[in-house]
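Q: Just so you know, the protein sequences line up as chains A and B, in that order. Those letters in the first sequence? Residues 1 to 273, per our numbering, in order. Those letters in the second sequence? Residues 274 to 638, per our numbering, in order.
Check before you lean on any hint, since a few could be wrong.
What the hints assert, rightly or not - Simulated restraints on C-beta separations:
1. A:105 <-> B:356: 50 to 58 Å
2. A:186 <-> B:356: 32 to 40 Å
3. B:458 <-> A:186: 34 to 42 Å
4. B:415 <-> A:23: 48 to 56 Å
In case anyone wonders, no lab produced these hints; they're calculated from the structure. Glycine included, every Cβ here is placed at the ideal spot set by N, Cα and C.
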Amino acid sequence: MRGRMWKLAIYLFLLGFILNLLGIVTHVVVSSFAKRWFGKPLPPAFTTDWFTYAWREFELSHVLFITLFIALAVVFIALAIGFPAAYVLARRNFNAKPVLLLLYFLPLLIPQMTYGIPLATTLYGFGVGGTVIGVILAVLVPMVPLAVFVLLPFFEQISLNLEWSAQMLGASRLQIFRRILLPLMLPGILTAGLLVLVNTISNFELAFLLAGGGSQTLVVALYYNVFAGGVRPVYSIDAMAVIYMCTVMAVLLVALRFVRPTQMVFRLDGRRN
Amino acid sequence: MRPSRAYAGRGMADSIDKLQMSITKRYGGKVVLDHFPLEIGGREFVTFLGPSGCGKSTALGIIAGLVPPSDGEIHLNGRRIDDVSPEKRGFGMVFQNYALFPHLTVFGNVAFGLSLQKRPSAEIEQRVRDMLGLVRLAGYEDRYPGQLSGGQQQRVAIARALVLHPRLMLFDEPLSNLDAKLRVEMRAEIKQLHAQLGLTSIYVTHDQAEALSLSDRIVVLREGVLMQVGTPQEIHDRPKNVFVADFMGFRNFLDVTLGKEAGGMIEAGFKGQILQARARDSFRPGEHAVLAIRPEDVRLGKSGDGVNVLRGKVELVEYLGREQEAEIALDGGARLWVRSHEKLVLGEMLDLTLPADKFVLLRRE
Numbered sequence: 001m002r003g004r005m006w007k008l009a010i011y012l013f014l015l016g017f018i019l020n021l022l023g024i025v026t027h028v029v030v031s032s033f034a035k036r037w038f039g040k041p042l043p044p045a046f047t048t049d050w051f052t053y054a055w056r057e058f059e060l061s062h063v064l065f066i067t068l069f070i071a072l073a074v075v076f077i078a079l080a081i082g083f084p085a086a087y088v089l090a091r092r093n094f095n096a097k098p099v100l101l102l103l104y105f106l107p108l109l110i111p112q113m114t115y116g117i118p119l120a121t122t123l124y125g126f127g128v129g130g131t132v133i134g135v136i137l138a139v140l141v142p143m144v145p146l147a148v149f150v151l152l153p154f155f156e157q158i159s160l161n162l163e164w165s166a167q168m169l170g171a172s173r174l175q176i177f178r179r180i181l182l183p184l185m186l187p188g189i190l191t192a193g194l195l196v197l198v199n200t201i202s203n204f205e206l207a208f209l210l211a212g213g214g215s216q217t218l219v220v221a222l223y224y225n226v227f228a229g230g231v232r233p234v235y236s237i238d239a240m241a242v243i244y245m246c247t248v249m250a251v252l253l254v255a256l257r258f259v260r261p262t263q264m265v266f267r268l269d270g271r272r273n
Numbered sequence: 274m275r276p277s278r279a280y281a282g283r284g285m286a287d288s289i290d291k292l293q294m295s296i297t298k299r300y301g302g303k304v305v306l307d308h309f310p311l312e313i314g315g316r317e318f319v320t321f322l323g324p325s326g327c328g329k330s331t332a333l334g335i336i337a338g339l340v341p342p343s344d345g346e347i348h349l350n351g352r353r354i355d356d357v358s359p360e361k362r363g364f365g366m367v368f369q370n371y372a373l374f375p376h377l378t379v380f381g382n383v384a385f386g387l388s389l390q391k392r393p394s395a396e397i398e399q400r401v402r403d404m405l406g407l408v409r410l411a412g413y414e415d416r417y418p419g420q421l422s423g424g425q426q427q428r429v430a431i432a433r434a435l436v437l438h439p440r441l442m443l444f445d446e447p448l449s450n451l452d453a454k455l456r457v458e459m460r461a462e463i464k465q466l467h468a469q470l471g472l473t474s475i476y477v478t479h480d481q482a483e484a485l486s487l488s489d490r491i492v493v494l495r496e497g498v499l500m501q502v503g504t505p506q507e508i509h510d511r512p513k514n515v516f517v518a519d520f521m522g523f524r525n526f527l528d529v530t531l532g533k534e535a536g537g538m539i540e541a542g543f544k545g546q547i548l549q550a551r552a553r554d555s556f557r558p559g560e561h562a563v564l565a566i567r568p569e570d571v572r573l574g575k576s577g578d579g580v581n582v583l584r585g586k587v588e589l590v591e592y593l594g595r596e597q598e599a600e601i602a603l604d605g606g607a608r609l610w611v612r613s614h615e616k617l618v619l620g621e622m623l624d625l626t627l628p629a630d631k632f633v634l635l636r637r638e
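All chains should be built: construct the whole structure from the sequences, respecting the hints.
A: In structure tokens:
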């Protein structure tokens, strides 16, 4: 009896959650296609004008380009720094390792606003505030640790013996990296890259604090336009939100074609010594 | 056995002439290897034998160059090599857990070293196929390591190292992950490859049967200290100390006080009785010592001359298949293990003869 009630409660909760989500999303989507929509369950007429309006008025091609550029740059740099860092953390044991791991974890644990403001002040001091570089540097602060923590377990399951046996077969460090570590780490690199990509596109606080006129990402632009108020038709804002949703979903779908996070861990033989 | 075509191109392996070393390894304050001395000649099969944690794998890692020594030098053919990086030493190594590259096929694994050397692909193809034939894995080229059994994986690992004609082969407990039957088979294969290809091999194991059957020489280690070096027969028949004797299957250690020596025999007082044992240099009358004897060397019944006869009661019987091993509580209070084909009955009183020439006289530790 109790088991049944539990199941029912869970189903009801799930149903409510999905309806709620669908309701919000559908409202935004429907509104973005509406010519005018007042007090009726459905708008009387549909149009795609708001999309062209938003695209033109909010310079979305530029915003999208900036967003993707920042996201890809952050992915590249976070992986370039995170890969060797995760390797060292996985392979070496030293006294300060737990402390170092905790320090790495901090930017992921504490709210971004708390360190975002002093970080922004510092970056403005260096003259990169309001620029694309400033946004990239700020977003890297939580994204490098994220890359490290995703890559770390992937490294840990690659037995040191594999590197040793490659070395005994005549491989230099570079050849071990290229022929053994890189192919075996590919799932990890893709997972880390995907998570950093999505997190960067949807990062608001740091991008907001650092972005200037020409370096707004999509979320930041969306925020500014929502609160510009009155002047913008609400339908055009909704159209922009739909574009934002579609961008993130497109990136996710493309990424998931190559990466399946749940099946990421493939069996490597060999116990760790 | 057909002659090895895999080695035909360059004759036999470019075996080393001599490897000499004396190394010390410390981890933190702990000494893992204490001035471990070793000298190995070309074509030799040397085994490092000892319980886990005795430093044998560390010693192998240092020879390979994978583990830096804390102190000491390694000389190969008279040239110092401890500052040469592992990939430039030209040694082959086989690991306990195979360490095959999971993303490469069997062919890719065996061809790995050759492709690093940028050999022409026809030569790589030929040498890999010959080598796979030699380890009886022809036809498995396109399989991945995950699709092979443990024994097959280990053969791939051996082929992967051998295909490069290593000057020295290092085996780190290569058979420990295999089941008992396969272990005996692979043991024979390794021995055959060693002889057939004229290899120089160092083999690490904790299995005394493996060490005895494979080696030209055995090096017994305990907590980083060399206990004894010798041929399998020397180690088996004439262990130099209680540790080696214990490791080689001596199960009975009698604490004795030595008496007078005459005609190559020495008297040993044991629980109020006098035993006779073969005398050895450097033992003096009055000294405390240990007499070691294997359970299978203890005979049931009284000897003709009544020398070295002890009496006791059967306390425990272990069934071993063809034989049984029993623990006997001696009249004097000590215990003795006996192995016999005859059926031993719990509680039975027995006379036991300990043949004087089967005793090994050892120093008390």
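Q: For every hint, state whether the structure bears it out.
A: Outcome of the hint check:
no., hint, result
1, A:105 <-> B:356: 50 to 58 Å, "violated (40 Å)"
2, A:186 <-> B:356: 32 to 40 Å, "holds (35 Å)"
3, B:458 <-> A:186: 34 to 42 Å, "holds (37 Å)"
4, B:415 <-> A:23: 48 to 56 Å, "holds (54 Å)"
In summary, the one numbered hint that this structure violates is 1.
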